[in-house]
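Work from the hints to combine the two standalone chains into their complex.
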Amino acid sequence: MKLQVAQVLIECLREQGVDTIFGYPGGAVLPIYDALYDVKDIKHILTAHEQGATHAADGYARATGKVGVVIVTSGPGATNTVTGIATAYMDSVPMVVFTGQVASSLIGRDSFQEVDITGITHPITKHNYIVKDPQQLPQIIRRAFHIARSGRPGPVLVDIPKDIQVAMVDYTPASLEQDNSDRAGEVQLDENLYRAIEAIDNCERPVIYAGGGINIAGANEKLVEFAERIKAPVSCSLMGMGAFPGTHPYYMGMVGMHGTRYSNYAFTNCDLLIAVGARFSDRVVSDVEKFAPMAKIIHVDIDPAELGKNVSTHIQICGDVNRVLDVFNEKVKVKEENRWNAQIEKWKQEHPLTYKMNGTLSPQYIIEKLYDLTDGQAIISTEVGQNQMWAAQFYKFTKARTFISSGGLGTMGYGLGASIGAALGRPGERVVNIAGDGSFKMNSTELATISRYRIPIIQLVLNNHSLGMVRQWQDLFFNRRYSHSSLGQDVDFVKLAEAYNIKAFRIDNNQQVEEVLRSALELNEPVLIECDIHPDDKVYPIVPPGAGIDSLIDLNS
Amino acid sequence: MKHILGVLVENHPGVLSKVSGLFSRRGFNIYSLAVGMTEDPTVSRITIVVEGDSYIVEQVIKQLNKLIDVIKVSRIEEDSLTRELALIKVKAEPATRHQIVELINIFRAQVVDINKNHLIVEITGDSEKITALVDMLKDYGIEEMVRTGAIAINRGRKMLKDDRNKGGYDNGNNVL
Chain G
0 MKLQVAQVLI ECLREQGVDT IFGYPGGAVL PIYDALYDVK DIKHILTAHE
50 QGATHAADGY ARATGKVGVV IVTSGPGATN TVTGIATAYM DSVPMVVFTG
100 QVASSLIGRD SFQEVDITGI THPITKHNYI VKDPQQLPQI IRRAFHIARS
150 GRPGPVLVDI PKDIQVAMVD YTPASLEQDN SDRAGEVQLD ENLYRAIEAI
200 DNCERPVIYA GGGINIAGAN EKLVEFAERI KAPVSCSLMG MGAFPGTHPY
250 YMGMVGMHGT RYSNYAFTNC DLLIAVGARF SDRVVSDVEK FAPMAKIIHV
300 DIDPAELGKN VSTHIQICGD VNRVLDVFNE KVKVKEENRW NAQIEKWKQE
350 HPLTYKMNGT LSPQYIIEKL YDLTDGQAII STEVGQNQMW AAQFYKFTKA
400 RTFISSGGLG TMGYGLGASI GAALGRPGER VVNIAGDGSF KMNSTELATI
450 SRYRIPIIQL VLNNHSLGMV RQWQDLFFNR RYSHSSLGQD VDFVKLAEAY
500 NIKAFRIDNN QQVEEVLRSA LELNEPVLIE CDIHPDDKVY PIVPPGAGID
550 SLIDLNS
Chain D
0 MKHILGVLVE NHPGVLSKVS GLFSRRGFNI YSLAVGMTED PTVSRITIVV
50 EGDSYIVEQV IKQLNKLIDV IKVSRIEEDS LTRELALIKV KAEPATRHQI
100 VELINIFRAQ VVDINKNHLI VEITGDSEKI TALVDMLKDY GIEEMVRTGA
150 IAINRGRKML KDDRNKGGYD NGNNVL
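Heads up: the sequence lines are chains G and D, in that order. Position one of the first sequence corresponds to residue 0 (numbering that gives the first Met the number 0), numbered consecutively onward. Position one of the second sequence corresponds to residue 0 (numbering that gives the first Met the number 0), numbered consecutively onward.
In isolation and in its complexed conformation, chain D is listed as follows (with noise of 0.2 Å):
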């Protein structure tokens, strides 16, 4: 089973490389993982999708909680909103790319590119309907595409905060 976990870092060189360097170590597997700037310039925010039981999922997020790079862990819920970006470059002849174009409309989605021959397309949306829209374009010849990790924020009033009081240095959380 899948699991999208939320986790607040600071955002300092080599954080990242101990995230995943934590996954690798103890043995868990990841689905994706994303990461980007947040509101606060001095905090980075890392979505990974996990794969695995419940025990795989409190063990991952204790072990993360144990990093001191890390602020904050949360498990998003299943109801959020999640993204991920595709950009596919498909083989369009001047016979198939009509229905090309008619496919992409249907899936919202959009053609960036275009030449004699080909098509890039880009697409946002959960990962189901991505996976959708590839296996539809299939048909045509995927030439080339590149992927994003899941993004993912909870609905709602639920957020994801830094709440660590500034000022002075504080461990917060993470050290145990």
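One chain only, chain G, in its complex shape (with noise of 0.2 Å):
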């Protein structure tokens, strides 16, 4: 049948089954908007700003599992989906954003809001394409998607000149592809493979270090049987919360630059460290020469590009973590506990993670009763900085796709965003996103979203009147010199919320805090909560630039 491009593109989502797109309307996608005007079986959300579509596409993609799709158009709107696709990328999130572009004769000419979008964005997306034929885009849009899910998940670009849009095409109804991802994820019962089962078999001190890749692959029962068979206490990096229970005894918290004493401990003491779904960044490992100096090192992947990147590691074994764990549970041996599981448990009675009760409001004390009042079944979206190394160490998340976070880019003002699309992915969870009030100022205008479609949202916002990380970093390591850390008494988030027609709270004391939380999580509505803390908290432990990671700095150093 023949339809215009804009028509094609929306039968074309319908294929891919898509319910949600966050998107912002401008000059060069005015066909696609005029197509979505009648579209009722896919929801449409407006943000505030591209930026916020593309980090609420995001959230939406890492709660759900599916595929985050993104409309903006042409010039600004595209260059401002830049830091969302990025963020996307470095975490390896399936994302497809479709931009719109000046009309094709007009490309190359510097036209109104004309940018190379494609060319900007080849270093943050898996794939991108400008179409070219209108007759190519269906052909296109199912690979856009097939990409951006397959294998490691990534952000995947579609570039439509505006002339492209109206041109009409034949156009036939495809079901969705089978996805021929398996066969890239297939494993090899090769060399390696025994080689790391062999490794298992014979090792008295193995390590798990389990990173995002097991949530990805939705392997965590899997991971859970397999450190039970071996007895191996488990660590997880950022994105790896969730990926172990952080209710299981085994569980050892996060590892690295803030992870816990024992965890940094028993990496640097193991003799066998099982990376699986994880990609030693310089957040977890920071002194490569001092990191698991004793250890056999086994990693696992999906991206044969990650394997040796980083780290050199001893057994390599590319595929999907499903695969390769099924194996594991079969073959490797059941072994028993022993003095290694007890070193363990020491060193967890003798530097547990603690915080100081002061009299003033402990943003570690508020995420406590938070995970107590939620029982742990909570959706947490972050910002960047002390807030997020709080919300990862001190909620117990035992749950794949409830932590949601930017970690390799670590992006101040994703939160916000991303907690849009997961409340909007996951309907009826309780999605709270915990914010510093420097992230939060940076889009603080999706408040005007959450308003717009009342989504039930609570907004932790720990405001400690400075840029906290960045403080932390001057006190200890520039000599207290708070070079432009300081925000002062600049916004009144309570005010803020209230403009936009957002019920909010102030919390100044520990006391308030299980009270107010307790209020905010009955109402089903947009809530904003103020909690004021000192600005001399700190995310402790703390491993100093440069060290090794069993060198920390702690609350009692």
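Certain hints may be false.
Here are the simulated DSS-like cross-link-like pairs (lysine-lysine), alpha carbons at most 30 Å apart as the crow flies [to be verified]:
id, chain 1, residue 1, chain 2, residue 2
1, G, Lys65, D, Lys65
2, G, Lys345, G, Lys334
3, G, Lys334, G, Lys295
4, G, Lys65, D, Lys61
5, G, Lys308, D, Lys61
6, G, Lys131, D, Lys65
Worth flagging that the hints you see were computed from the coordinates, not collected in a lab. Given the structure is predicted, the values throughout are model-derived calculations rather than measurements.
This is the structure:
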């Protein structure tokens, strides 16, 4: 049948099962928006800013596992998506971004709202397209979705010139094609796998290092089975939060710069490190020379380019972690707990995560209370900085896709938009965005989106009137020279929320926390809670720059 | 150490910039790059000479393989045939012209243009051979020189072939 390309685009989104798109109209996407006018089965969420749309699509994708979809106009609309795309790329989030482009005849002439967005986004997308032949649009969209979700997921951008959007083409409906990503995840039962099994059987002090790949693959239960089989303690990277239940006796929390002391000790002293779906980020490793110095390292990842990239590893296995864990769970010998497990327990007792309760409002206490009151079942998004680290340390995540945070890129301003996407992707579930005042200000315009659609999300703004993580570094490593990190009393967040017709609370001591959180959780509507915390509260432990991960500074050092 | 990579890519606009962009982004050094058509009009072949240790070369290959437009990447072996082409405009007065021509003959190069004061020399060969001629000609005065990157092909039966099954769309090994 003959259809306009803009219509075909909608049909192709239906083919992919898209139910929600995040976008912002403009000149170069008017034909697509005209087609959207009649669409009832796909929800379009109008954000306040294109960056917010990309973060929302990203949050939607992380919370659901489905591909997030964004539609924006050319030029500034397209460039505003760049930070959101880069955020998704660094954290392997499946996303398809459609950008309008000026008409083909105007490309290359510095036309109004023209920008070379495929050139700009090449380094931050898995792949991108500019549609030149309207007839190819369906195939390009199908490929774009396939690329976004297959293997190691990531963002794909499709740039569509305005004249192409109105062209008439033949459209033949296709059902959701058989995803052949399975093939890419195939694991060879080869020598490496047998070497890994042998190494696991022969080790005495194993540690499992779980990354975001476990959550993406949904291999959480297999990981628990594996850890219990070999009695190995498990640490997670930031992206790995939820990969292993935070309530499990073998759980050691985060590893690396703000990892627990026992995680970092375990990594430094283990004889076998089993990395699954993790990429040895510099925030985990710190000094490569001092990282897991006694260990043989097994590295399992679906992206072959990650194997041996950041740390040289001894046994490299490329493939879907589900399949590798299946093989391990079938073939490795069941172990008994030994002195190593006792040692880990001892470290846990000696060096628990702690914080000061000095009369003022403690951010860690708020997060612990939030955990209690939500039974650990909430979906938590975060901004970036101290708020993010406290959330990772003090909320015990037990399931995949419940911790939504910008790990690789560390995008301040991510959390609010992401919480919108997560809430829309998983209606009926409790969503809380744990924010700092600095990050929150970056994209607080998205409160307008929350207000417009009345999305019941709690914004928990930990307000220390400063850029907390910057200040912490200046305090510890730059002689307390607080260069441009103090924000003072510049915003009244309660009034800000009220301007958006969002209910708001303010708390300034620990006694108020439980009551206010309880009331906020009971309200099934948008809420903001401003928490007045002390600017000198710090994230501990911390590995100073250049040190090995077992050289930590903490509250008492 | 230098390594030669043969890279088959989709013959689309923009592919070369994706490949070269990867090198600058990841901090890999390209010594030379040459691109052209192959026996299949939908496929181009890029020969890249890259400088680095085995870690760098392995990373280059893995990262190239992640590009959707890249069909196949292969290391070209050391005993392969490699060729570069250079055109050298050298000062040649009547008094020196004869000597230069003799020199050129030794290298099996050719004079492709001549006027009262200059010769243009065309030479093909591996990098070392061309560099050797350039060194010799320097004494007479090189006015201008243009040189291609290396192209390389394996000897014997070993081939760099697009072995995807065509028809339908298939991202081959490039989508992880």
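Against the structure, the hints come out as follows:
Distance hint between lysine 65 of chain G and lysine 65 of chain D is fulfilled; the C-alpha atoms sit about 22 Å from each other, no more than 30 Å. Among the hinted pairs, lysine 345 of chain G with lysine 334 of chain G is consistent with the structure: their alpha-carbon atoms are about 20 Å apart, no more than 30 Å. Distance restraint check for lysine 334 of chain G and lysine 295 of chain G: the Cα-Cα separation of roughly 18 Å lies within the 30 Å cut-off, and the hinted pair is therefore satisfied. Under the criterion of a C-alpha separation no larger than 30 Å, the hint pairing lysine 65 of chain G with lysine 61 of chain D is consistent with the structure, at around 27 Å.
As the CA atoms of lysine 308 of chain G and lysine 61 of chain D are separated by approximately 10 Å, the hinted pair is consistent with the 30 Å bound. Annotation: proposed proximity of lysine 131 of chain G to lysine 65 of chain D holds, straight-line Cα distance about 24 Å (limit 30 Å).
In summary, the structure agrees with every hint in the numbered list given earlier.
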